[in-house]
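2 protein chains.
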Amino acid sequence: MRFDADLLETLGALLLVKGGMAKRAAATVASHVMGNALRGVDSHGVVRFAQYREQIVEGIFDPAGEATVTSSDDSVIRVDGGGGHGVPAMQIAAETVLERAREQGMATATVINCGHTGRIGAFAETIARGNCLAVITGGGSHARGKPKVAPYGGREGVMSTNPYAFALPGGPTGAVVVDFATSVVAQGKLLAASKTNEPLAPGLILDQSGRPSTDVRDYYGGGVLLPAAGPKGYGLGLIAELLTHGVLGDPRALNWIMIAIDLDRLGAGQPYQARMDAYLDWVKSSAPAEGFDEVLIPGEPEQHCLAERERNGVPVADEVWQEMVTWADRGGIDLSLYPPRLP
Amino acid sequence: MRFDADLLETLGALLLVKGGMAKRAAATVASHVMGNALRGVDSHGVVRFAQYREQIVEGIFDPAGEATVTSSDDSVIRVDGGGGHGVPAMQIAAETVLERAREQGMATATVINCGHTGRIGAFAETIARGNCLAVITGGGSHARGKPKVAPYGGREGVMSTNPYAFALPGGPTGAVVVDFATSVVAQGKLLAASKTNEPLAPGLILDQSGRPSTDVRDYYGGGVLLPAAGPKGYGLGLIAELLTHGVLGDPRALNWIMIAIDLDRLGAGQPYQARMDAYLDWVKSSAPAEGFDEVLIPGEPEQHCLAERERNGVPVADEVWQEMVTWADRGGIDLSLYPPRLP
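Quick note, the sequences are listed as chains P and R, same order. All letters in the first sequence, in the order written, are residues 1 to 343 by our numbering. All letters in the second sequence, in the order written, are residues 344 to 686 by our numbering.
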């Protein structure tokens, strides 16, 4: 089933307002979710509306919690999510850190005390489109129990999938956005495999005794996820965890740090955008490997999907739609007034 | 053969002085090289003395080139290596960016126009030991021909092994230092394999037709090295290349960017060091996986080796020692005055 994106966004925002969120915050979250859905990042797409609505009931975030900039010296901006949803907190942080970096060359923002922050590549892209380098990382949830990623050489979970995003302006989509988990795969892939019990690729998980396994049941039976590229993913994950827990304290979900550096200042008059674009063109025109049609610039698959879904609507799985219908019914929303289904 | 580190350092510096380097710059390089050698990073250890001496003859760097801070606004420090060796340039950049970050919360340094910069983890460690987060990356050499790392999904070299280093203070060694190539392995490993023609692990290289191979001869016969963790290493490498070439221009060897952020400012009075150390203790005490004796914190293997080699001397392969003897003879150095060999 395909749905019109604008109408899904309106409905999603309304569900969150019915859960107690302020209209503006709900609109920020819904716009972010639909941005992900349009870009094909379905793990952070429409499925999240019902999940966020449930998280309000479960007390995972406070629908009335409001993100504010609590302090701001020359170089460090602190954002407190007020216990609310993470997307408005990250949005304020990205906009403020970008503004500050444009003024004085560089700035850092910290974000604490908020719920799920959606797709961090979106905030990195906001910063990059302001002609800055963006670096974002998050973590700290080991302090809240059940870390699921092992260190290199270890068999117990000590980290979360601590993601990083890097972004720069330019290229075929206007921004090169690199956004990845420091674990070898995202947890969503294991969840999907658990529904079919198909064997996993080797090198993804250890069973509860610390032995390599390709049976996803071993992961859910007390096993762990491995770090990406062994010591590399472990090192990146550890740095994220130390920064966001060690330096910023216990998180509500995860804590975050965002760095923005103004390329105009860094480049000191160099024709950086033309040189970056020429390089990206050259990379893009290089020969694909066996099994690939073309070389893609990070952010490009999402941009391709965006163009297609803006034309044809956003596909939504039946069960995801049914969850939204259930919440709409509970909230007394007359779905005939919000007919998101495409003809 | 094991040698006394101090005497090797003296001899190494003297070789570089005989090649035309100023005493102070030669001492900086020799101290860095022996720091690597003591830590077991032999790819950046004693083998480099003869290599750097040869690079002077080949014109790869100018022995008389002097690194200077060419401009410095509030947040961006520019270091020009003056065409000289890269280690003194990186050392000045690390010390200056740390000082500036301690003053105003954060700073960025750029380093251009220099030769080989040694082990970047060492400069990240300098910054971390000043209670700052350090982030360093370098690249740009695709513009100088023969890039050897393919993009994800590609089969032509478009990047170098663009390294990253991240560091924070604390833990069992006083600094957590994460330092890695964005390619799946370092080129040194392939060079070592080429001497024995042992099969490589799968997933490291493609042959010249873009097909996966485990025969190292395929790499040297026009093949490419793959990025670490596929799209993750590709993304990180691309960001490095865009920053250091796009923003900073054509490099002599590689160009560099260094970011320092003061943790005292970032943590705003949080007891960050105690919390970081408690977390690292907990990670360290977690159970090892099959085939491992213990979980190590990044930087710890190097620190273990340092303690052992400070006691027992630094092992040097015969052929590496013979190269140094050859250069010493050409420079008229009386080796009996510099008897580095341990009894």
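Keep in mind that the hints were calculated from the coordinates and are not lab data. Even glycine gets a Cβ: it sits at the ideal position worked out from N, Cα and C. Misleading hints may appear alongside valid ones.
[Stated by the list, open to error] Partial list, derived from the structure: chain R residues whose beta carbon lies under 8 Å from chain P:
hint : residue
1    : S418
2    : P494
3    : R618
message = To test your reading of the hints: which numbers does this structure violate?
response = Of the numbered hints, all hold.
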